[in-house]
Amino acid sequence: MGGGQNRTSGRASGRTSGEGGEPCDGTTADDDVLDLVGRLAGLLVAGGYEGTLRAEERLRAVAAAYGREAEVTVLADSAVVTVGGATRVVAHAPDVPVLARVSELKPWLAEVATGRVPAGEARRRLERIAAAPHPYGPWLRLLGVVLFSVGFGVSIQPTWQEVWMTALLGLVVGALHVGGQVTGRPGWLAPLAASGIVGTVVLVAAREGWVTGGTIELMIPVLFVFIPGDAITMAMVELSVGRITAGAARLAQSLALLGALAFGPVLAAAALGMDQSEIFDEPVAPELGAFAGWFAWVVFTVGVMLVFGMRAKDLPWSLALVLVTYGTQLLTVRALGTLAGTFAAAAVMAAICLLLGRRPGAPPPYVLYLAAFFVLTPGSHGLRGMDAWLGGDPVRGVQDVAGMFGLIAAIALGMLAAAVTVGTQTTQTTQDTQTTRATQTARAAPSAPSTPSPERPNEPTRP
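If you read the sequence shown in numbering that gives the first Met the number 0, its first letter stands for residue 0, the second for the next number, and so on.
One or more of the hints may lead you astray.
EDC-like mimics (lysine to aspartate or glutamate), calculated; alpha carbons at most 16 Å apart, straight line [claimed, not checked]:
1) K105 with E126
2) K312 with E103
3) K105 with D313
Bear in mind the hints are in silico, worked out from the structure with no lab data behind them.
Since this is a predicted model, take the numbers as computed values, not measurements.
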């Protein structure tokens with residue numbers, strides 16, 4: 000969650016300010032509200048994998064807390080906010096936000112929505128959240144990538160070979176991933192370099208007979224940290240509800256990243272003088288027992304905490320949801336088949352996230368579902384399919400890519416079904432904010448004649 004670049008146009012409101020930049024008459028000027036909402040828009044766009052609908056609702060709720068109506072349009076990488084005739088445009092490349100900042104933003108939004116926090120103070124608190132460092136240093140993040148890789152690797156292929164290969168390659172990928180964050184290198188460079196190095200090491204190990212089975216199963220787990228599975232699914236959610244521009248842009252970005260990840264092993268094969276058919280998919284018989292998958296997801300969730308900056312106190316919530324999602328998926332896929340089972344598991348996961356996210360002491364839904372979402376693994380199917388396709392097996396490749404889109408549709412529809420069933424907190428917060436603000440305004444003007452206003456029907460809940 001980083002700040003976006005802002006551009007402001009429109010008229011400025013003339014006013015006389017007291018302490019803290021607030022007007023002397025106790026009201027909040029349009030400029031202050033626009034400044035606050037615009038800054039929040041930049042942060043939400045930068046951490047934009049939660050989707051555009053929730054971002055727009057939150058921005059309108061903050062403006063409503065100060066008695067203003069904001070016109071808001073949020074796209075995948077930009078937002079346009081208008082308050083009182085003045086407009087602000089923010090733009091930022093979306094990325095997975097630091098989860099600790101997302102958690103800190105939840106109580107900030109709840110307090111601001113009451114209308115009792117001056118806009119200047121709200122802005123200062125928001126800046127402190129945005130400037131908060133990643134809760135874990137580079138070495139812990141490097142360890143996080145290793146745990147992330149080993150956990151996911153064992154979940155798909157429970158063998159000792161998978162453990163030591165993903166641990167070794169996870170160190171390399173972690174160094175590239177964390178190094179890119181520390182040095183500020185372009186975001187596309189680390190995935191391409193990592194896929195090329197991983198492809199080279201795995202293909203050499205296969206050629207020398209150090210590993211057995213398919214090479215794709217050894218590559219995907221360590222590249223999984225770059226796979227934008229949550230972004231692809233959110234793109235499908237946005238497309239499903241008619242957000243064509245945002246959904247198409249997010250989907251195109253995600254597919255481009257998958258293409259870069261799939262191209263690295265092909266370059267490695269060419270550099271080694273090996274045939275692309277060496278990039279193939281063939282499982283190995285499991286060695287680690289029936290409970291290896293459960294333990295693997297525990298290791299994986301700890302890795303998610305370290306890599307994406309989740310607060311330590313949020314880990315038990317996230318881990319519980321990961322295990323519930325994994326267990327639900329095992330049961331539903333066995334009973335209903337892959338697509339219907341994934342739909343059911345995604346619906347259960349999303350419903351639990353939305354319901355728990357309403358509790359004051361619980362993490363927000365995005366923090367809850369990020370690790371659990373990886374259990375459903377749509378992005379890995381896409382990378383496996385692209386590698387198989389480029390590796391000379393176009394039939395298997397097309398099947399895997401088609402399977403990826405089927406899973407994405409099942410997950411997206413499951414999440415939408417959950418949102419429609421249990422509702423979202425943001426919409427209710429917006430309505431409560433408008434009611435609270437109207438009550439405060441009425442109390443501030445007791446001499447005004449009381450004119451009852453017609454009740455407005457509840458707006459339909461949106462995901």
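Quiz item: Can you list which hints this structure breaks, lowest number first?
Solution: none
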